[in-house]
Amino acid sequence: MDKSMGLERARHILGISAADDKAAVKRKYRRLMACYHPDAIGSDRPEHIRRAQEINEAYNFLRGHGWAAPDKKEKKEWQGEINESAFHERNMYLYYSMEVPEKQPYYKAARGKYMWNPDEEDFELFLSSIHHAVRELLEKTEERVSGLWYENACSEEQKFAVQAQLFLCLAMQYIDPVKTLRKIAEPGHVDGQGREIYHFRAFLSAKGHDRTARALDKLQRGDAIYPKAFHGNKIAVMGQHGQPLGYLSLEDDQLYFCVMPLLKKRMARVRMEVKEAEAKRKTGIVKVEVDFRFRLEEGAEQYKGCEQNLKIADLLNQYEKLLKGE
Numbered sequence: 009m010d011k012s013m014g015l016e017r018a019r020h021i022l023g024i025s026a027a028d029d030k031a032a033v034k035r036k037y038r039r040l041m042a043c044y045h046p047d048a049i050g051s052d053r054p055e056h057i058r059r060a061q062e063i064n065e066a067y068n069f070l071r072g073h074g075w076a077a078p079d080k081k082e083k084k085e086w087q088g089e090i091n092e093s094a095f096h097e098r099n100m101y102l103y104y105s106m107e108v109p110e111k112q113p114y115y116k117a118a119r120g121k122y123m124w125n126p127d128e129e130d131f132e133l134f135l136s137s138i139h140h141a142v143r144e145l146l147e148k149t150e151e152r153v154s155g156l157w158y159e160n161a162c163s164e165e166q167k168f169a170v171q172a173q174l175f176l177c178l179a180m181q182y183i184d185p186v187k188t189l190r191k192i193a194e195p196g197h198v199d200g201q202g203r204e205i206y207h208f209r210a211f212l213s214a215k216g217h218d219r220t221a222r223a224l225d226k227l228q229r230g231d232a233i234y235p236k237a238f239h240g241n242k243i244a245v246m247g248q249h250g251q252p253l254g255y256l257s258l259e260d261d262q263l264y265f266c267v268m269p270l271l272k273k274r275m276a277r278v279r280m281e282v283k284e285a286e287a288k289r290k291t292g293i294v295k296v297e298v299d300f301r302f303r304l305e306e307g308a309e310q311y312k313g314c315e316q317n318l319k320i321a322d323l324l325n326q327y328e329k330l331l332k333g334e
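Take 9 as the starting number for the sequence shown in the numbering used here and just add one per residue.
Wrong hints could be hidden among the right ones.
Computed cross-link-like contacts, SDA-like style, restricted to lysine to any residue with a CA-CA straight-line distance of at most 25 Å [as the list claims (entries may be wrong)]: (1) Lys236 <-> Leu263; (2) Lys187 <-> Asn99; (3) Lys242 <-> Phe95; (4) Lys272 <-> Gly307; (5) Lys242 <-> Gly230; (6) Lys121 <-> Tyr264; (7) Lys121 <-> Gln310; (8) Lys121 <-> Leu102; (9) Lys242 <-> Pro126; (10) Lys295 <-> His217; (11) Lys283 <-> Gly307; (12) Lys272 <-> Val245.
Just so you know, these hints were derived from the structure itself, not from any lab.
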């Protein structure tokens, strides 16, 4: 370990304060390693290796010094930005323990119309919160018509379609794309006009011998890829000759909630090119790694999400009609 590592330097490297507890330190450590670890970003550049080593040293220093802040055994009243116009309240969840690696038990710490803050609320728990809010809305709709005679002609497929749309609408009411992006990632650099440019890993894949798989199989390193259309929270892309290449997959699921809204509002631009293409003949799977560069445009901080309340109300009315067989 670096002999010069001290408490203040360790905190500076991890971007934490003296008030941060063990859970906060671990969250920031994981996010930084996702941004800089060579395996995570697919880079063996010396500066990335040094940065990852520095982050590890700072984290291990704090571990060896009792985390430098006491654990918060009880969460005080939830503090955070509120979206008063949100359609429905949601629960905020916290894990009972940060020591269990997977499937940790969690509890409801608060309820309200709080915006998602990655520093306070794990992404998986935020998703659970939105899923539960959607379920509450659907159950309320079912209760409203339970006293009436209806055919309940709604199939599972129809219900799932409504759920999926409700989920996206509710989630976007609780996410500020620019603020969230700056918390979960760091820009690779800033251009001459002061615009932040982020560098992410993305992928394309197809199985079989259909049109998309054949098009992916022909891609070469350095080939340009272009956005074609937005479908919900997904982006369809095409090659330089207009050939469809399927849907782009980002390595970190959190990014979809930051990248997609800004692209749809034209508050960001992307540049994509093939980094590596691999075809596995035995399995018939073609996988392409994409170099995804994302630039925030001037004024992106003023992003305002489109009004979702009317759409949510329409979806619930649609669900009610499905239940009644109308």
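#### Entry: 25 Å limit on alpha-carbon distance, applied to hinted pair Lys242 and Gly230
23 Å, holds
### Message
Please verify whether Lys242 and Pro126 have alpha carbons no more than 25 Å apart.
### Response
22 Å, holds
### Task
Would you check the hint for Lys242 and Phe95, treating anything up to 25 Å between C-alpha atoms as holding?
24 Å, holds
### Task
Starting from Lys121, check that the Cα of Tyr264 is at most 25 Å away, please.
Between Lys121 and Tyr264 the Cα gap is close to 21 Å, so the pair holds against 25 Å.
### Message
Hinted pair, alpha-carbon criterion (25 Å max): Lys272, Gly307. Please report holds or violated.
### Response
Holds - the C-alpha atoms of Gly307 and Lys272 are around 14 Å apart, at most 25 Å.
### Query
Taken at face value, is the distance from the CA of Gln310 to the CA of Lys121 at most 25 Å?
Holds: Lys121 and Gln310 sit about 20 Å apart, inside 25 Å.
### Hinted pair Lys295 and His217, Cα distance within 25 Å
13 Å, holds
### Task
Take a quick look at whether Lys272 and Val245 sit within 25 Å of each other, Cα to Cα.
Holds, because 14 Å separates the two Cα atoms, which is no more than 25 Å.
### Query
Is the straight-line distance between the alpha-carbon of Lys187 and that of Asn99 25 Å or less?
Since the Cα atoms of Lys187 and Asn99 sit roughly 21 Å apart, the hinted pair holds (cutoff 25 Å).
### Message
Tell me if the straight-line CA distance from Lys236 to Leu263 falls inside 25 Å.
### Response
Holds. Lys236 to Leu263 sits at ~19 Å (cutoff 25 Å).
### Query
Can the restraint linking Lys121 and Leu102 be considered satisfied, given a maximum Cα separation of 25 Å?
Satisfied, since the Cα-Cα distance of roughly 16 Å is no more than 25 Å.
### Satisfaction of hint between Gly307 and Lys283, Cα-Cα up to 25 Å
30 Å, violated
Figure legend: structure checked against the earlier numbered hints; the only hint not met is number 11.
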